[in-house]
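Trainee: Sequence:
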Amino acid sequence: MWLNAVNSHIFGVALQVVPDGVSVCTPLPINGDFEVVPDKGPCSGKRGIPLPGDIVEGLWQHVSYTEPLTLTQFLEKFALYMPAIAGDRDAVRRIAYEFVEMKAKEGVIYVEVRYSPHLLANCKVHPVPWGQEDRYRYLKQGLYGWSLEVVELCKKYQNNTVVAIDLAGDELLVAETFPEHRKAYEAINVLKAERIGHGYHVLEDPALYRELLGRKMHFEVMTNSAGVLTGACDPDFRKHPVIQFMNDKANYSLNSDSPLILNCTIETDYKIAKRFLGFTEEEFKRVNINAAKSSFLPEKEKNELLSKLYEAYGMVPNNPP
1 MWLNAVNSHI FGVALQVVPD GVSVCTPLPI NGDFEVVPDK GPCSGKRGIP
51 LPGDIVEGLW QHVSYTEPLT LTQFLEKFAL YMPAIAGDRD AVRRIAYEFV
101 EMKAKEGVIY VEVRYSPHLL ANCKVHPVPW GQEDRYRYLK QGLYGWSLEV
151 VELCKKYQNN TVVAIDLAGD ELLVAETFPE HRKAYEAINV LKAERIGHGY
201 HVLEDPALYR ELLGRKMHFE VMTNSAGVLT GACDPDFRKH PVIQFMNDKA
251 NYSLNSDSPL ILNCTIETDY KIAKRFLGFT EEEFKRVNIN AAKSSFLPEK
301 EKNELLSKLY EAYGMVPNNP P
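Letter by letter, the sequence shown follows residues 1 to 321 of full-length UniProt numbering.
Just so you know, not all the hints are guaranteed correct.
[To be verified] Heads up, simulated EDC-like pairs for lysine to aspartate or glutamate below, C-alpha to C-alpha not over 16 Å straight-line:
(1) K249 x E281
(2) K285 x E299
(3) K77 x D90
(4) K274 x D236
(5) K249 x E282
(6) K271 x E311
(7) K285 x E267
(8) K216 x E267
(9) K216 x E194
(10) K293 x E194
(11) K105 x E267
(12) K249 x E211
(13) K249 x E299
(14) K239 x E211
(15) K271 x E281
(16) K293 x E304
(17) K285 x E311
Quick caveat, the hints were computed from the structure, so don't treat them as lab data.
The whole structure should be built from the sequences, with the hints applied where relevant.
Mentor: The structure is reproduced here in structure tokens:
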């Protein structure tokens, strides 16, 4: 999605971002959508659904975190506030618009955002039973159970606005436990996957890593978010796999993830990369050019995006860093 970045400095391009209802808990643009009910805490003004915390800022404290958690614990956070959003067309629309506005203010010129119909639409699909006690287990397993359904849906509409498929879930659950999930992976191979989210463990298989380097496979990398805080890699930033990617001039980009739960922006990841990972200005430019080249934009629009970046970075198009 093209954005008119309002900052004088363009941070760049974000390819994997999960909006996760971030605008719902932002203090400034509440505009009456939430109200505080005595003894019940903040509630959705439209739907009257109780939410944790006594004020909006208290809700944020419940759903966000800064210490490492497992991916399962991370997913549990969604169940704390998603009942106020899921199935509400106006709420989903508002989140989309305000999310784009936030990214523009952060200096992001182009962003690709993940959307889950099962989590957000919660209608005309097999919805999450948010009101049930076992919703955490259902959510964790649902990410696998929905995989084939999502793949088939995207295959059906691949020539009509669908540009990509994203798979996610608890990596502790092996594919054999969910054969439909394994089939979804096979379907992805047929559809020629072009990017890998995170991909840190590929370094444990040197042969596979060399193959992906040769294929210029794009890795969507996070520093603070889904990497360290969900335990996907070593919590010591100085041991982050992206350092290896950087040294090998791999095709990767820096991204943000779940800004509400992780309480972060793309600038958070950039600051970590500069302070702990040894990123230079030239490397920031290179990864943003990588991101633009690996985006799912049509070729004409992709070239327009690249031209804007080359101009902003003072680069000659035929001589990238």
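Trainee: Holds or violated: are the alpha carbons of K77 and D90 at most 16 Å from each other?
Mentor: With Cα atoms ~22 Å apart, K77 and D90 exceed 16 Å; violated.
Trainee: For the pair supplied as a hint, K249 and E281, is the alpha-carbon distance within the 16 Å limit?
Mentor: holds (15 Å)
Trainee: Checking one constraint from the list: CA of K216 to CA of E194, max 16 Å. Satisfied?
Mentor: holds (9 Å)
Trainee: K239 and E211 were given as a pair; does the straight-line alpha-carbon distance stay at or below 16 Å?
Mentor: With a Cα-Cα distance of about 23 Å, the restraint between K239 and E211 is violated, given a limit of 16 Å.
Trainee: Are the Cα positions of K293 and E304 separated by 16 Å at most?
Mentor: Given pair K293, E304 holds - Cα atoms ~11 Å apart, limit 16 Å.
Trainee: Run the distance test for K271 versus E311: straight-line Cα separation, threshold 16 Å.
Mentor: violated (23 Å)
Trainee: Would you mind confirming whether the straight-line C-alpha gap from K274 to D236 stays at or under 16 Å?
Mentor: holds (14 Å)
Trainee: Take a quick look at whether K249 and E282 sit within 16 Å of each other, Cα to Cα.
Mentor: Answer holds: K249 to E282 is near 12 Å, not above 16 Å.
Trainee: Hinted pair, alpha-carbon criterion (16 Å max): K285, E311. Please report holds or violated.
Mentor: Roughly 11 Å between the alpha carbons, so the hint for K285 and E311 holds.
Trainee: Would the hint linking K249 and E299 be met if the CA-CA limit is 16 Å?
Mentor: violated (24 Å)
Trainee: Hey, K271 versus E281, does the alpha-carbon distance stay inside 16 Å?
Mentor: holds (12 Å)
Trainee: For the pair supplied as a hint, K293 and E194, is the alpha-carbon distance within the 16 Å limit?
Mentor: OK: K293 and E194 at ~11 Å, within 16 Å.
Hints 2, 3, 6, 8, 13 and 14, counting from the list given before, are not met by this structure.
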